[in-house]
Amino acid sequence: MFNRYSALVDENSIPFVRAAGDQRIVDSSTNWTAGFGDASGANLSDSDTLNLMGMCPFDTLSTGVDSPFCDLFTAEEYASYEYYYDIDKYYGTGPGNTLDPVQGVGYVNDLLARLTGRAVQDETQTNRTLDSDLATFPLSRTFYADFLHDNTMAPIFAAHGLVNSTALDPFSPGANRLWVNSKLVPFSGHMTVEKLDCSGKESVRVLMNDAVQPLQFCGAVDGMCEFQAFVESQLYARENGQGDFELCGFVPS
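Heads up: take any position in the sequence shown, counting from 1, add 36, and you land on this note's numbering.
Among the hints, erroneous ones may be present.
What the hints assert, rightly or not - Quick list of the computed label-pair ranges, beta carbon to beta carbon: (1) Asp124 x Ser98: 37 to 45 Å; (2) Gly90 x Gln278: 17 to 25 Å; (3) Gln264 x Asp107: 22 to 30 Å; (4) Lys231 x Asp46: 52 to 60 Å.
As the list claims (entries may be wrong) - Straight-line alpha carbon distances no greater than 20 Å define the calculated DMTMM-like cross-link-like pairs of lysine to aspartate or glutamate that follow: (5) Lys231 x Glu262; (6) Lys219 x Asp246; (7) Lys219 x Glu112; (8) Lys219 x Glu113; (9) Lys219 x Glu47; (10) Lys219 x Asp63; (11) Lys237 x Asp205; (12) Lys219 x Glu238.
These are calculated hints, taken from the structure and not from any lab test. Glycine included, every Cβ here is placed at the ideal spot set by N, Cα and C.
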């Protein structure tokens, strides 16, 4: 069958298969489909394997029940899959990329403006037209929410000085590594920055997916950092990336 009709099938034109309701007929069609798909020329590449593994979480999230795709691979294979993306994100948009932190500078400076109630001071990526207008960038709100892509959140973590993970070994995952992409930016992942006023003393606390961060860079105690110390600790952003922005081919304006 495959030898006769394989020319009619490619990745953009796959067979449409139906079966009668009897289970034995369903089983026969399933086995036929498996055999047809395994025939030489089916063109299942390494990248297809990654996509099939990704179907497990995406399909599970979509339907609310465990996806049958999850049974295609072992727990050990999924652990390798997780580390593959840890490496990909760490060296792509994370701290393993030396020009990663500067990509989050604009957002950090926006945050500092909101925390201090002062106009944005930034010469990198912020939109001056929007940020200079209180209608589009208000400074008097008690609650703000920004929605970003996971590849955008990683540079923001780095610009803040969060998740100072040691370099990831491309061949051997460390059991106690801090950079685990699925924990840092899972579905609906979030970073929350709280400005607190306790008996007249202002403090800042940062939570990543509800986990309080230690904020060692500003001398935090129990995750609470004195407000001015937090602002001063963000020197990298306040100084527009300390020259890194120019290394990306841009000129501060």
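Please name the hints from earlier in the document that this structure breaks, with their numbers sorted from lowest to highest.
Going through the list in order, the structure violates hints 1, 2, 3, 9, 10, 11, 12 and respects the others.
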